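J.: The lines below spell out each chain.
Protein chains: 2
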Amino acid sequence: MKYTPFSIVLIVIVILISCVNKVKPVHSTTGPAYGLIFPKGERILNDNFKGAAYLYPMVSADSLNPSDIGNVTFDPGARTRWHIHPAGQILLAIEGTGYYQEKGKVRTLFRKGDVIRCPPDVPHWHGASVDSGFVQIAITGRQKGPTIWLEHVTDEEYHSSEK
Amino acid sequence: MKYTPFSIVLIVIVILISCVNKVKPVHSTTGPAYGLIFPKGERILNDNFKGAAYLYPMVSADSLNPSDIGNVTFDPGARTRWHIHPAGQILLAIEGTGYYQEKGKVRTLFRKGDVIRCPPDVPHWHGASVDSGFVQIAITGRQKGPTIWLEHVTDEEYHSSEK
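Chains A and B are the protein sequences, given in the same order.
Positions 1 to 163 (the working numbering) are the ones given, in order, by the first sequence.
Positions 1 to 163 (the working numbering) are the ones given, in order, by the second sequence.
The following block holds chain A by itself, in its conformation from the complex (with noise of 0.2 Å):
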């Protein structure tokens, strides 16, 4: 039996169709709809951020445990101010990459995987990188009082180069 090329045509489309649904695309890094781990929450509406990002908080601080835990989504370019935390902060990228800085260092990237300790007292800042979208859970201790918010991250701040 032999088959024409429309035919032919018709069985690859039909193959490729179940192909493309069957499985789903380890990363989906661009706009917000990431490989979703944890839901990603809300949009963060106030100032100290940078561009669109969105928090899922999933543990709160309290007697029995120092730190607020948090899922926080950054979409391409978004960032948060520079910023202090008096008790440091502990970050987990899981999906993405993005960009961190510490005051007087150069700008590094922050790849799903990667694990950033960011000291206290030294004022730093994070978010997606230019063109990729970012996730990350963020361990933020509170015992010795709130995140300290600093000036906005310059567009020449945010783009320049990696050692």
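Among these hints, one or two may not hold up.
[As the list claims (entries may be wrong)] Below, computed lysine-lysine pairings styled on DSSO-like, alpha-carbon distance capped at 27 Å:
(1) A:K40 with B:K40
(2) B:K144 with B:K105
(3) A:K40 with A:K105
(4) A:K105 with A:K144
(5) B:K144 with A:K144
(6) B:K103 with B:K144
Keep in mind that the hints were calculated from the coordinates and are not lab data.
Note that the coordinates shown come from a computational prediction; the quantities given were computed from them, not determined experimentally.
Using the hints provided, position chain B relative to the given structure of chain A.
T.: For chain B alone, kept in the frame of chain A given last:
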């Protein structure tokens, strides 16, 4: 032009191979090769775990930070002993399906995206479900001393039904 069945089978095989190579399933929850965010780390060899479990330490507690943070992977069926955390523990499920149980309560499912706070001084256990691997981030307060390990979870307890 017409094609024989043999050449069509060949074309289909080539297309399917390129489908498989371009994308990966989001969930690979059997065996150890899950959709990893953090490295799996080393196999845990002590007697505090039953079945195959792996630890990737991420942050150690010190004078600035009160918590150990680690990525723990359980193969299907693997679990901890009953144990106590004097300063409590926070668990973030990031892959697969597991179980969690506190003494005197029923065993509950613990799924990717769930967050559990293990209270201080409450005996509990956790691990993978019987047919799925499981990956958790464990944030363990060390300010009141190390984990206290108790008896192994019996097969009856492990397989007890969730209400």
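J.: For each hint, tell me whether it holds in the structure or not.
T.: The hints, checked one at a time:
| no. | hint | in the structure |
| --- | --- | --- |
| 1 | A:K40 with B:K40 | 25 Å, holds |
| 2 | B:K144 with B:K105 | 25 Å, holds |
| 3 | A:K40 with A:K105 | 30 Å, violated |
| 4 | A:K105 with A:K144 | 25 Å, holds |
| 5 | B:K144 with A:K144 | 19 Å, holds |
| 6 | B:K103 with B:K144 | 21 Å, holds |
Of the numbered hints given earlier, the model fails hint 3 alone.
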